[in-house]
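Chains as they are written, first to last, in numbering that gives the first Met the number 0: chain A, 0 to 311; chain B, 0 to 484.
Simulated from the structure, these hints should not be mistaken for laboratory data. Honestly, I wouldn't trust all of these hints.
[Claimed, not checked] Stretch by stretch, here's where chain A covers chain B in the computed footprint (C-beta under 8 Å, at least three residues): (1) 42–53; (2) 63–71; (3) 84–91; (4) 198–212.
[Unchecked claim] Ranges between beta-carbon positions, derived for each pair: (5) 283(A) / 123(B): 24 to 34 Å; (6) 119(B) / 299(A): 31 to 41 Å; (7) 380(B) / 137(A): 51 to 61 Å; (8) 119(B) / 124(A): 57 to 67 Å; (9) 124(A) / 259(B): 37 to 47 Å.
[Unchecked claim] Every beta carbon over 12 Å from chain B, so not counted as near; a handful from chain A, in silico: (10) 130; (11) 252; (12) 306.
These numbers were taken from a predicted model, which means no experiment stands behind them. Heads up, the beta-carbon is just placed ideally off N, CA and C, and yes, glycines get one too.
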Amino acid sequence: MEATIASIVAAAAPLVFAAVGETITEKAGVVNLSLDGSIALSAMAAFAVAFLTGSVVLGFAVGALLSALVAVLVAFSGIRLRLNQVAVGFVLTLFLAALAQFLGNPFVRQPGPSVRPMAVPVLSDLPFVGKILFDQNVSVYASLVLIVVVAWVFRRTRIGLELASVGERPEAAHARGISVSRYRFGAAAVGGALVGIAGAAFSLDVKLGWSDTQVMGFGWIALAIVIFGGWRPIWVALGCYLFGALQVLALKLQPVFPGVAQILPSLPFPLMIFTLVVVNSDRLQRLGERFPFLGRLLVSDAPAALGTNFEI
Amino acid sequence: MLELRGITKRFGPVVANDGIDLDVPPGSLHAVLGENGAGKSTLMKILSGFLPPDAGRIRLDGHEVPTGSPRAALRAGIGMLHQDPLVCLPFTALDNFILGREGKIDRAAARGELREVCARFDFDIDPDARARSLSVGERQQLEIARLLSLGVKVLILDEPTSGISSEQRTKLFSALRTLAGEGLIVLFVSHKLEEVEELCDTVTVIRAGRVVGERALPCPADELVELMFGDLVVSSARPPVEIGAPALRVSGLAAGTGRQAVTGVDLEVRAGEVVGLAGLEGSGQRTLLRVLAGLEPARAGHVEIDGRSLDGSSYEGFVAAGVHYLPAGRLEEGLVPGLTIAEHLTLAARLSDWVVDWDAARSRAEEAIEHFRIKGGPDTPADALSGGNQQRLLLAMMPEDLRVLLMEHPTRGLDIESADYVWTRLLARRDSGTAIVFSSADLDELVGYADRVVVFFSGKVLADLPAAELTADRLGTLIGGKVAS
Numbered sequence: 000m001e002a003t004i005a006s007i008v009a010a011a012a013p014l015v016f017a018a019v020g021e022t023i024t025e026k027a028g029v030v031n032l033s034l035d036g037s038i039a040l041s042a043m044a045a046f047a048v049a050f051l052t053g054s055v056v057l058g059f060a061v062g063a064l065l066s067a068l069v070a071v072l073v074a075f076s077g078i079r080l081r082l083n084q085v086a087v088g089f090v091l092t093l094f095l096a097a098l099a100q101f102l103g104n105p106f107v108r109q110p111g112p113s114v115r116p117m118a119v120p121v122l123s124d125l126p127f128v129g130k131i132l133f134d135q136n137v138s139v140y141a142s143l144v145l146i147v148v149v150a151w152v153f154r155r156t157r158i159g160l161e162l163a164s165v166g167e168r169p170e171a172a173h174a175r176g177i178s179v180s181r182y183r184f185g186a187a188a189v190g191g192a193l194v195g196i197a198g199a200a201f202s203l204d205v206k207l208g209w210s211d212t213q214v215m216g217f218g219w220i221a222l223a224i225v226i227f228g229g230w231r232p233i234w235v236a237l238g239c240y241l242f243g244a245l246q247v248l249a250l251k252l253q254p255v256f257p258g259v260a261q262i263l264p265s266l267p268f269p270l271m272i273f274t275l276v277v278v279n280s281d282r283l284q285r286l287g288e289r290f291p292f293l294g295r296l297l298v299s300d301a302p303a304a305l306g307t308n309f310e311i
Numbered sequence: 000m001l002e003l004r005g006i007t008k009r010f011g012p013v014v015a016n017d018g019i020d021l022d023v024p025p026g027s028l029h030a031v032l033g034e035n036g037a038g039k040s041t042l043m044k045i046l047s048g049f050l051p052p053d054a055g056r057i058r059l060d061g062h063e064v065p066t067g068s069p070r071a072a073l074r075a076g077i078g079m080l081h082q083d084p085l086v087c088l089p090f091t092a093l094d095n096f097i098l099g100r101e102g103k104i105d106r107a108a109a110r111g112e113l114r115e116v117c118a119r120f121d122f123d124i125d126p127d128a129r130a131r132s133l134s135v136g137e138r139q140q141l142e143i144a145r146l147l148s149l150g151v152k153v154l155i156l157d158e159p160t161s162g163i164s165s166e167q168r169t170k171l172f173s174a175l176r177t178l179a180g181e182g183l184i185v186l187f188v189s190h191k192l193e194e195v196e197e198l199c200d201t202v203t204v205i206r207a208g209r210v211v212g213e214r215a216l217p218c219p220a221d222e223l224v225e226l227m228f229g230d231l232v233v234s235s236a237r238p239p240v241e242i243g244a245p246a247l248r249v250s251g252l253a254a255g256t257g258r259q260a261v262t263g264v265d266l267e268v269r270a271g272e273v274v275g276l277a278g279l280e281g282s283g284q285r286t287l288l289r290v291l292a293g294l295e296p297a298r299a300g301h302v303e304i305d306g307r308s309l310d311g312s313s314y315e316g317f318v319a320a321g322v323h324y325l326p327a328g329r330l331e332e333g334l335v336p337g338l339t340i341a342e343h344l345t346l347a348a349r350l351s352d353w354v355v356d357w358d359a360a361r362s363r364a365e366e367a368i369e370h371f372r373i374k375g376g377p378d379t380p381a382d383a384l385s386g387g388n389q390q391r392l393l394l395a396m397m398p399e400d401l402r403v404l405l406m407e408h409p410t411r412g413l414d415i416e417s418a419d420y421v422w423t424r425l426l427a428r429r430d431s432g433t434a435i436v437f438s439s440a441d442l443d444e445l446v447g448y449a450d451r452v453v454v455f456f457s458g459k460v461l462a463d464l465p466a467a468e469l470t471a472d473r474l475g476t477l478i479g480g481k482v483a484s
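Between the sequences and the hints, there should be enough to build the whole structure, so can you do that?
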């Protein structure tokens with residue numbers, strides 16, 4: 000049991016980086032739809048750099064930088080060029096995935112360096128939680144810290160409040176002297192860097208090595224989980240772990256149903272859609288209206304200005 | 000002393016502000032008066048830094064205020080309450096109060112400050128309520144409290160009385176008087192003469208982007224109207240009414256939930272009759288109109304049009320019975336932003352052809368534009384029209400044969416000329432036998448145009464009176480009198 004949960008937490012780490020990163024970006028009103036391609040490119044580049052230099056840290060840095068640049072490009076196309084962010088992000092997804100495949104050819108299925116496990120002394124000996132939370136590697140620890148830090152920034156800090164106002168009602172932010180475009184560029188860059196770290200975590204931590212099919216689809220799942228979690232970091236993280244659990248479940252069921260073994264690994268995707276449908280169903284929304292506490296817990300609206308370009 | 004010099008702003012070919020100069024001494028309640036689209040809002044947005052001007056300078060107490068930066072304006076002490084209060088709806092009142100402050104967040108201290116300002120001006124705002132659940136008037140109070148806590152010396156209010164209750168208006172006016180008494184400059188932007196006369200000491204009239212006159216108040220109303228419009232507009236007199244058979248009959252109606260609920264509504268409207276729905280915002284008028292339009296189901300009771308029951312009927316059923324609804328949110332609910340006048344009229348015509356004959360559509364649009372005096376061309380998008388012209392377009396889109404016409408705030412936000420025009424068209428409909436039911440927050444409009452006024456209070460009909468027995472004052476006490484008890 001402990002081992003299973005620990006493996007879910009570890010396997011979901013890249014998804015947590017990507018989904019929490021996109022949450023930050025979308026909270027400011029920028030929608031970066033290029034996630035799937037960004038992750039692929041960063042995963043390939045991170046592995047290639049680590050493979051060539053032997054430095055895992057450098058791999059992560061390059062991965063983060065590349066995806067941050069992509070996210071800033073999406074933000075720039077919206078803020079400065081007044082293009083449709085959704086269209087730009089979508090096209091970039093396709094382009095970047097193909098680019099990763101093309102440039103990554105020499106590195107396919109090569110053995111390379113990876114993040115080493117590193118148990119935290121003392122804490123890892125705690126019963127139950129020790130194994131789950133403190134007997135992992137640095138990238139998993141970072142994903143856990145990230146959730147807490149982002150949730151705290153959103154809730155408690157001026158930056159968190161101003162970020163949300165920029166995504167909710169940019170006119171209101173502007174009227175109060177908050178720079179809408181500065182926040183949007185900043186949120187895109189930070190969120191994008193996290194998406195890049197997600198890519199790097201895939202190729203250097205979870206599914207060691209590079210192949211062009213290994214990260215396919217995870218960007219889209221991350222985008223869906225942001226909605227599922229209602230743009231709230233802790234709920235988004237829970238969504239990631241739910242998806243991780245579904246994946247582990249599918250893996251364990253494979254020997255049980257040998258006839259449909261090929262289908263099972265793709266099961267988490269439709270199950271995720273099913274969860275989204277339930278969470279957003281009218282019945283649940285009405286339940287939330289009747290019981291405000293439950294409503295706040297379950298239902299959360301998108302930032303009102305998401306994907307729109309602010310002009311004064 | 001606030002000094003504006005040569006403020007100029009162009010939007011494409013339109014000159015919204017053309018070299019405007021303005022001087023306001025401290026402690027003034029100064030009105031900026033003008034019809035819709037005269038350039039008042041633009042000028043105020045420039046003053047508050049929200050919009051950058053193309054030319055011009057602003058000085059406050061002898062210091063130059065950098066233009067085009069809301070933060071610089073706030074630091075200099077200039078704050079603006081926008082027409083639609085700029086609060087973030089999912090945020091709590093407290094978070095909206097804090098938002099924009101520099102430095103670290105201290106919710107406990109801010110809560111105390113908010114309470115203090117609210118207590119001082121008798122504002123009633125729960126710091127933990129979501130802004131979404133606050134009425135427009137409460138959002139306004141919240142914004143005023145926020146600006147005061149930032150220590151503004153110039154408080155700009157852009158059309159602050161549209162969409163608030165008369166009780167809130169009274170509170171607002173007394174707060175503004177107090178503030179001016181303390182030496183604040185209050186700039187009150189409005190197109191409503193009565194309010195300006197009631198509240199302000201001095202007035203600057205703006206027409207087509209220029210200052211056309213400054214007066215000390217009181218000053219003869221027709222003089223101000225002449226400044227605003229160039230020539231005098233006479234309100235249409237009410238011709239006698241010929242009332243026919245009952246067109247709409249409502250009995251024991253209950254609908255809606257929570258604050259929007261109505262119960263036990265009985266109402267009969269005869270062909271050619273105009274019935275006004277009065278009451279504080281959200282007392283059930285909107286829910287009733289939406290049920291009668293077929294947009295919301297009734298929980299109990301009956302609705303009949305021309306004696307035919309429409310219980311449980313779909314929206315299409317109501318439309319087929321000859322019901323038409325013009326909502327308050329003209330652009331949000333009534334029109335499609337981005338579609339042109341010609342496209343709107345084509346949609347409304349419900350043609351059965353597969354292929355749209357755009358030449359014909361455009362010439363039909365030109366006819367309608369001339370007939371309804373819409374300022375725009377067939378290819379002007381609806382969202383580029385002013386409020387008054389959007390309402391004219393909605394009137395142009397109404398079907399020919401109507402039994403019951405439902406309207407929510409038919410003239411909200413319109414200048415005198417547009418409002419008068421809208422009513423001319425509506426009364427023409429009435430003369431052809433259409434029953435009209437409208438809700439309004441403007442007491443003069445209710446008393447002036449309705450044959451009967453139905454007063455709502457918390458979801459129930461409080462009174463149903465012939466308008467001839469009412470004055471705006473009496474109606475005001477009727478609405479407000481019950482509030483106190």
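Checked hints:
{"no.": "1", "hint": "42–53", "verdict": "holds (count 4)"}
{"no.": "2", "hint": "63–71", "verdict": "holds (count 4)"}
{"no.": "3", "hint": "84–91", "verdict": "holds (count 6)"}
{"no.": "4", "hint": "198–212", "verdict": "violated (count 0)"}
{"no.": "5", "hint": "283(A) / 123(B): 24 to 34 Å", "verdict": "33 Å, holds"}
{"no.": "6", "hint": "119(B) / 299(A): 31 to 41 Å", "verdict": "35 Å, holds"}
{"no.": "7", "hint": "380(B) / 137(A): 51 to 61 Å", "verdict": "55 Å, holds"}
{"no.": "8", "hint": "119(B) / 124(A): 57 to 67 Å", "verdict": "59 Å, holds"}
{"no.": "9", "hint": "124(A) / 259(B): 37 to 47 Å", "verdict": "58 Å, violated"}
{"no.": "10", "hint": "130", "verdict": "38 Å, holds"}
{"no.": "11", "hint": "252", "verdict": "40 Å, holds"}
{"no.": "12", "hint": "306", "verdict": "16 Å, holds"}
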